[in-house]
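S.K.: Based on the hints, put chain B in the right spot on chain A.
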Amino acid sequence: KAGVTQTPRYLIKTRGQQVTLSCSPISGHRSVSWYQQTPGQGLQFLFEYFSETQRNKGNFPGRFSGRQFSNSRSEMNVSTLELGDSALYLCASRLSSPPETQYFGPGTRLLVL
Amino acid sequence: AQSVAQPEDQVNVAEGNPLTVKCTYSVSGNPYLFWYVQYPNRGLQFLLKYITGDNLVKGSYGFEAEFNKSQTSFHLKKPSALVSDSALYFCAVRTRDDKIIFGKGTRLHILP
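Protein chains in written order, with this note's numbering: chain A, 1 to 113; chain B, 1 to 112.
Just chain A, same shape as in the assembly:
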């Protein structure tokens, strides 16, 4: 089976712009989670989608949003980008509910100038 894929792998944006990141989960996986990884804050949970519904949410401002499509693919959107949004954004998928293991994609590295 193909693993979790994320596009694009690298992205450069300027402050104030918005960005959309895409994640395709492992075939058959219905849950997709998003994480932000920075050197200072480590890995922080953004949100989880399951069957097109947001199932859980971390402590991020409303500028961060996501959605999931009927084929389980997910997108994450960040509006009004700030310098502090520069990070590696990781997507992870799993079959359904805990304690199913999450499998991570390679990430999208976002640089905000």
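For the record, the hints were derived by calculation from the structure and aren't laboratory data. Fair warning: this is a prediction, and the values are worked out from it, not measured in the lab. There's no promise every hint is true.
One side of the interface only, derived from the structure: several residues of chain A facing chain B at Cβ under 7 Å [claimed, not checked]:
1) Gly42
2) Leu43
3) Phe45
4) Asn56
5) Leu90
6) Thr101
7) Phe104
8) Gly105
9) Pro106
10) Gly107
The calculated DSS-like cross-link candidates involving lysine-lysine, where the alpha carbons are at most 25 Å apart (straight line), are [unchecked claim]:
11) Lys69(B) - Lys99(B)
12) Lys57(A) - Lys104(B)
13) Lys22(B) - Lys77(B)
14) Lys57(A) - Lys49(B)
15) Lys58(B) - Lys69(B)
16) Lys58(B) - Lys22(B)
17) Lys77(B) - Lys104(B)
18) Lys49(B) - Lys69(B)
19) Lys99(B) - Lys57(A)
Simulated restraints, written as ranges between beta carbons of each label pair [to be verified]:
20) Leu11(A) - Thr72(B): 22 to 28 Å
21) Ser51(A) - Leu82(B): 40 to 46 Å
22) Lys77(B) - Leu113(A): 40 to 46 Å
23) Gln2(B) - Thr53(A): 21 to 27 Å
24) Asn17(B) - Thr53(A): 46 to 52 Å
Even glycine gets a Cβ: it sits at the ideal position worked out from N, Cα and C.
M.R.: Only chain B this time, still in chain A's reference frame:
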């Protein structure tokens, strides 16, 4: 507050020696515990997990972890380190209310 602590930012071990990467947690109830490894410019790779049962869990690449409920710890171990084990290691806890908490990560350096 629920949390996961990896008390060492970096661990240095000589090749061939045993290694331990420490993790302690503070969550309510019985948590699910995970270890992941991250190589440069890559996503996280799953190593092993503890759900219930035997306190010693065996995982990928010869790694194992010991769950200790009284000490709320889940230390990652390997009997004989390889240079290729050098990477960033994350401990994670999934709580009963379905939130996942990651530790800050421990950078493991295996010295040839």
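S.K.: Which of the stated hints cannot be reconciled with the structure, identified by number in ascending sequence?
M.R.: 20
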